[in-house]
Amino acid sequence: MLRLENVTKNYGKFTAVNNLSLQIKEGEIFGFVGPNGAGKTTTLKMIATLLKPSYGKIYIDDFEITSNVKRVRGAMGYMPDFFGVYDNLKVNEYLEFYGDVAGLSHTERDKVIPDLLELVDLKHKEKAYVDSLSRGMKQRLCLARSLIHNPKLLILDEPASGMDPRARVQMKGILKELRRMGKTILISSHILPELSELCTNIGIIEHGKIIECGTVEEIMKKVTKTNVFKIKVLDSADKAERLLLEEPIISDVYVDENHIEFDYDGEEKSIIPIIRMLMNNDIPIISFNPIESNLEEIFMKVTKGEDE
Amino acid sequence: MINPVLKKELKTRMRTWKTPAMISLYAILICSLFFIIFIESFVNSRYGVGFRPYSVRTMYIVITIFQMLLIIFIVPAITSSSICGERERRTFDMLVGTRLSSFSIVLGKLMASLAQIVLLLIVSIPILSIMFLFGGFSPGNIIMLFLFYLVTAIYFGSIGIFTSTFFRKTTTSTIMSYLISLFLVGGTIIITVIWAEFVRSNLYGSQRPASFYPLIMHFNPFSGLSSILLYQMGENIFGGLLYTNQKSVALLNLYINVGVSLTISFILLFLSSLKINPMNKFGNWNSGKKRKKKKTKIK
Numbered sequence: 001m002l003r004l005e006n007v008t009k010n011y012g013k014f015t016a017v018n019n020l021s022l023q024i025k026e027g028e029i030f031g032f033v034g035p036n037g038a039g040k041t042t043t044l045k046m047i048a049t050l051l052k053p054s055y056g057k058i059y060i061d062d063f064e065i066t067s068n069v070k071r072v073r074g075a076m077g078y079m080p081d082f083f084g085v086y087d088n089l090k091v092n093e094y095l096e097f098y099g100d101v102a103g104l105s106h107t108e109r110d111k112v113i114p115d116l117l118e119l120v121d122l123k124h125k126e127k128a129y130v131d132s133l134s135r136g137m138k139q140r141l142c143l144a145r146s147l148i149h150n151p152k153l154l155i156l157d158e159p160a161s162g163m164d165p166r167a168r169v170q171m172k173g174i175l176k177e178l179r180r181m182g183k184t185i186l187i188s189s190h191i192l193p194e195l196s197e198l199c200t201n202i203g204i205i206e207h208g209k210i211i212e213c214g215t216v217e218e219i220m221k222k223v224t225k226t227n228v229f230k231i232k233v234l235d236s237a238d239k240a241e242r243l244l245l246e247e248p249i250i251s252d253v254y255v256d257e258n259h260i261e262f263d264y265d266g267e268e269k270s271i272i273p274i275i276r277m278l279m280n281n282d283i284p285i286i287s288f289n290p291i292e293s294n295l296e297e298i299f300m301k302v303t304k305g306e307d308e
Numbered sequence: 001m002i003n004p005v006l007k008k009e010l011k012t013r014m015r016t017w018k019t020p021a022m023i024s025l026y027a028i029l030i031c032s033l034f035f036i037i038f039i040e041s042f043v044n045s046r047y048g049v050g051f052r053p054y055s056v057r058t059m060y061i062v063i064t065i066f067q068m069l070l071i072i073f074i075v076p077a078i079t080s081s082s083i084c085g086e087r088e089r090r091t092f093d094m095l096v097g098t099r100l101s102s103f104s105i106v107l108g109k110l111m112a113s114l115a116q117i118v119l120l121l122i123v124s125i126p127i128l129s130i131m132f133l134f135g136g137f138s139p140g141n142i143i144m145l146f147l148f149y150l151v152t153a154i155y156f157g158s159i160g161i162f163t164s165t166f167f168r169k170t171t172t173s174t175i176m177s178y179l180i181s182l183f184l185v186g187g188t189i190i191i192t193v194i195w196a197e198f199v200r201s202n203l204y205g206s207q208r209p210a211s212f213y214p215l216i217m218h219f220n221p222f223s224g225l226s227s228i229l230l231y232q233m234g235e236n237i238f239g240g241l242l243y244t245n246q247k248s249v250a251l252l253n254l255y256i257n258v259g260v261s262l263t264i265s266f267i268l269l270f271l272s273s274l275k276i277n278p279m280n281k282f283g284n285w286n287s288g289k290k291r292k293k294k295k296t297k298i299k
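Top line first, the protein sequences correspond to chains X and W. Sequential numbering from 1 applies to the first sequence in the working numbering. Sequential numbering from 1 applies to the second sequence in the working numbering.
Only chain X is shown next, with the shape it has when bound in the complex (with noise of 0.2 angstroms):
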């Protein structure tokens, strides 16, 4: 569906992105994550053939995007990150002018519009002035003016920045939808625990290259080379301690009061015999649970986090 080769963004002596190369295929929701100015943006208004790549080729549907730029924008739907509205225009309005501009015919865009305000919930605001809404409904709003023509892919920059949790959830329950009407979604996001949720594949850049890409599973495989285990015990923990470090697959331990953590190398099935031989040296244990690294924490692993 979407493929970028050696895509680079050059201003001036600035490059913004480097030598990126991605492949999406149909019907995958792929999360972008990154720093600020790691090249997210640039990289998605490049696909929305909003900017011109300074050297590279991307691909939508196998039509190379600068030379098919009328045909892969009928293929694509954006949504920016900042985006601002037009004074004196309703809602209703706000969508047919989009539908007119995106080529629908009268009759395709009055069927259309509805069906869209339904799906980001904002029928009852049909006859409202834009400038009159909140933000989570400019954001949906947005949202529906990028779906107005029915792109096969949908490229989302920050759909839920600035919302507050109750529009956030709204936002998510649409993504969710819009996943299971088979779009294609290529998101970035600032919030990596609703990404992991939705998304099928993840690709975290930083500096303008991508450094990590594959599904949540496979980034943390790479990422995490040991396991972690946490177990709480009633009293003991200097025993405990001691017993733990005697074994050798784990490589460290932290103790904390009665809270106990390890790395061990190997399958889950090998923290077997260690609660066994816990417990039969009299190691209180009261809970035992292990650790699941989550995309904050690969996040944080993986990328620098220098300012740029």
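Be a bit skeptical, because a hint or two may be false.
[To be verified] Straight-line distance between alpha carbons at most 20 angstroms, and here's what the computed SDA-like set of lysine to any residue pairs gives:
no., chain 1, residue 1, chain 2, residue 2
1, W, K11, X, L89
2, X, K90, X, G74
3, X, K127, W, L10
4, W, K11, X, G84
5, X, K172, X, D81
Hints were generated in silico from the structure; no laboratory data involved. Computed from a prediction, not measured in an experiment: that's the story for all the values here.
Assemble the complex: chain X is given as a structure, and chain W must be docked to it using the hints.
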């Protein structure tokens, strides 16, 4: 199908208080001028109190010039924010990222501005029609004049749109479009005066040209207007500055002026459409200029 940008612009512009205010102000200004000239011709009549039909001629010339000045003054104000306004409002990306061609966007913006000017011209028709009561004018005169106003509006509208695509801020764009307009109206006359003075002081007798019309004057819309007035009234508003008192030369000058205005308009609109097209090399020419490194002071 009507241009979607034009449709949207008409809808949004007509909903603001600015449009009716502008129309009212325009009508008030023209009516006031009409009234002043009318009263003046009554009071200053050499043959006692009464209206001289000849003063209708003056009235027509003064109102024609005044209306032209108003158009030159209003059009850049309307158009100079058309594209940079979209940038400032952060709606630009969503507009150029659509399937609508860059030229259609630019054309839609121009047509929306022209629609407002046409509205102003329509408002002035009943006022100008009062002059029909005194005779000496045909509807053809007014039609010719209004068509020329429309060409001038396209000319100055294109300048406004051009500056609004090349400058990111509305203020800069407006200032630039007014400077260009000022040059076209006043600057060309100043150059012509200097040139005419040079011709007068250096050429004698048969060396002097029978018809004097420097090329630069064809860029001035008043050149076309003076040609219309010369053709319709036999009056040369540039006086002794330009030696063209023949009606046939006047018409030729008018055609050249209209041709120059429309050609420049097309070139400016075309360049504007290239500039707003992000996939065009020309469209990205200054994209790197806005990036400036922030310097942080170390205390």
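Exercise for the section: Sort out whether D81 of chain X lies within 20 angstroms of K172 of chain X, counting only the CA atoms. Expected result: Holds, because 16 angstroms separates the two Cα atoms, which is no more than 20 angstroms.
Exercise for the section: Starting from K11 of chain W, check that the Cα of G84 of chain X is at most 20 angstroms away, please. Expected result: OK: K11 of chain W and G84 of chain X at ~18 angstroms, within 20 angstroms.
Handout entry: Proposed proximity, G74 of chain X with K90 of chain X (alpha carbon, max 20 angstroms)
Key = Roughly 24 angstroms separates the two Cα atoms, so the pair is violated.
Exercise for the section: Take a quick look at whether K127 of chain X and L10 of chain W sit within 20 angstroms of each other, Cα to Cα. Expected result: At roughly 18 angstroms apart (the allowed maximum being 20 angstroms), L10 of chain W and K127 of chain X satisfy the hint.
Exercise for the section: For the pair we were handed, K11 of chain W and L89 of chain X, check the Cα-Cα distance against 20 angstroms. Expected result: holds, 8 angstroms
Consistency with the previously given hints fails for number 2 only.
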